[in-house]
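Peer 1: Listed below are the residues making up each chain.
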Amino acid sequence: MSGLRHALLFLGIAGLGAIAMLDAHTGGEAGAGYALSLLALSLLGWRGLALLANARLGDARRQRLADLAVPVLFGLWIVFLWQAVTVGFGVPQVLLPPPSMILARILGSADILLADFRQTFLQAVLAGYVLGCGSGFIVALIADRVPFLQRGLLPLGNLASALPIVGVAPIMVMWFGFDWPSKAAVVVIMTFFPMLVNTVAGLAAAGRQERELLGTYAASWGQSLLALRLPAAMPFIFNALKINSTLALIGAIVAEFFGTPIVGMGFRISTEVGRMNLDMVWAEIVLAAVAGSLFYGLVALAERRVTFWHPSLRQR
Amino acid sequence: MAAAKPKPIARLFAGHAGPVAVLGLALVALWYAGAVWLNADLQIDAFARAGTDWNFTDLVAGTWAQERPLLPAPHQVLAELWRTTVETGIASKRSLVFHGWVTLSSTLLGFAAGALLGILLAVGIVHVRVLEKSLMPWIIASQTIPILAVAPMVIVVLGAIGLKGLVPKSVISTYLCFFPVAIGMVKGLRAPDLLQLDLMRTYSASARQTFFYLRWPTSLPFLFAGLKVAISISLVGAIIAELPTGAQAGLGARLLAGSYYGQTIQIWSALVAAALMAALLVALMGAIERQVARLMGARS
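Protein chains in written order, with my numbering: chain A, 1 to 316; chain B, 1 to 300.
No lab work stands behind these hints: they were computed from the structure.
All figures in this text were calculated on a predicted structure; none of them were measured in a lab.
Where is the CB? At the ideal position from N, CA and C, for every residue including glycine.
Check the hints yourself; a few may be wrong.
[What the hints assert, rightly or not] One side only, chain A facing chain B, incomplete, derived with CB under 7 Å:
1) S37
2) I253
3) F257
4) P261
[Stated by the list, open to error] Examples of chain A residues toward chain B, derived with CB under 7 Å:
5) F10
6) L49
7) A53
8) A55
9) P71
10) F89
11) G90
12) L163
13) A219
14) N277
15) L298
16) L301
17) A302
18) R304
19) T307
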């Protein structure tokens with residue numbers, strides 16, 4: 001218990017020190033003293049985190065809270081260091097804008113960000129994700145019925161997932177025009193292969209005894225698929241869904257580098273970089289990160305609901 | 001009656017080789033058909049402008065030989081590849097070997113740095129508890145951020161502080177690479193089971209000895225699995241890094257230039273070159289993995 005108390009003491013001092021440092025006006029020309037105080041506060045905070053990470057709390061709920069607090073505090077500390085260093089030492093804004101400025105930009109240009117978000121995420125990413133994952137799944141089911149296809153498709157799919165598929169972006173822009181369908185097409189191609197490979201692997205994952213049991217029941221292919229093999233494949237399918245949630249966002253944004261109407265997250269990033277408006281670029285990055293994390297989180301949440309029986313979720 | 005041995009052809013089709021070959025041929029056939037389908041409109045226009053009569057054979061031949069087709073036929077791409085690799089001097093700006101080397105060098109540099117970073121992070125995470133608790137969630141979260149999308153900014157920012165050319169591109173590859181290596185290595189370094197760790201303890205082995213005699217050898221299969229993923233995304237990272245800020249050379253620059261000037265054959269040949277390079281790099285990793293496994297006494 002005293003470990004926790006010491007941890008809180010260290011963290012409290014570090015936090016107060018941090019607030020005081022954010023208030024210091026160095027005029028962008030901080031000296032060695034400023035750097036040393038940052039270092040000292042960091043060491044204090046690190047010690048506090050170490051104590052907190054090693055603290056053994058009797059209560060399960062408080063333990064979970066402590067486990068959550070460590071990474072959150074670590075992240076806050078990084079943001080603080082970022083702010084203190086960029087403001088304190090007057091790092092040119094072109095190089096790295098401070099977090100406060102990025103936040104101001106997010107609040108100030110909410111309408112632009114919202115329009116970009118709608119164009120890139122709600123249209124290109126979601127449409128491409130659904131189509132790509134859906135077609136990968138269906139082709140995997142067909143391949144499951146036709147073993148010949150399965151033996152031929154699996155090596156090709158494995159090969160394709162190692163290829164730099166984003167490179168097809170210029171071709172898709174040429175075929176489907178500048179607007180969001182061409183980006184969705186890139187996303188479809190990028191998400192298709194992980195889904196195909198994982199679903200095929202998942203459909204083979206059901207145990208032999210269970211399959212033979214269904215065989216003794218004279219279950220048809222469809223029945224054994226619904227009752228046994230699809231549920232058994234779910235961890236693999238969700239793995240693909242999670243991989244694809246990040247791939248989809250990357251695909252849509254990168255495809256916009258090859259030509260878009262004047263809206264979209266990738267368009268905004270590439271033009272604002274050219275105009276050296278780095279705070280706007282960072283605002284888009286924050287937006288992309290939040291959207292990507294939420295997307296991933298939603299898929300992970302659905303996974304918990306659907307595959308609650310899987311050992312990796314059960315043991316905690 | 002004894003079961004007859006399957007005939008060679010049947011045996012071929014029972015494995016992977018036959019079906020892959022059939023599907024590959026089907027893809028090529030589909031590609032040719034698609035070229036006719038997609039380029040037909042352009043070709044009909046061209047015939048109409050020239051005022052020539054045409055039949056179906058002319059149409060097909062025409063769609064497979066356009067200068068800027070919507071979809072170039074495979075043989076056009078192959079011809080372009082041959083022309084830009086073998087017939088053009090390596091030092092020339094039009095040589096695909098030159099551009100491929102630019103991309104490959106930043107891929108390999110980024111891969112080496114990323115693999116090293118990933119291994120170091122994994123060692124730290126396995127041995128220092130506070131690192132595991134504070135860093136691990138952020139390493140995972142870092143991958144939900146579309147890092148490739150940040151590439152243009154990284155290039156510009158690093159360019160502003162005087163870093164140009166190879167290094168900024170490698171930084172992006174490094175960022176992409178470290179994740180699969182770190183995750184795989186953490187798993188691998190934790191792979192020795194309790195019995196083996198206890199045995200090391202009865203020998204009163206130090207942490208260093210445990211690491212070199214037990215954890216490191218156990219982790220190698222996981223390391224190579226991570227490295228194979230890492231090298232292919234390292235290549236993707238290098239290509240994407242060449243897109244913004246008008247990079248002069250590299251496969252990514254070829255893609256971008258091709259898309260600006262509507263040179264579809266150039267785009268496709270760059271794509272095929274990139275795909276070949278990715279396949280070769282992954283195969284190379286697999287060969288190294290087998291060699292290492294053999295040196296460590298694994299039986300195939």
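Peer 1: Hint by hint, which ones does the structure fall short of?
Peer 2: 1, 4, 5, 8, 10, 11, 13, 14, 15, 16, 17, 18, 19
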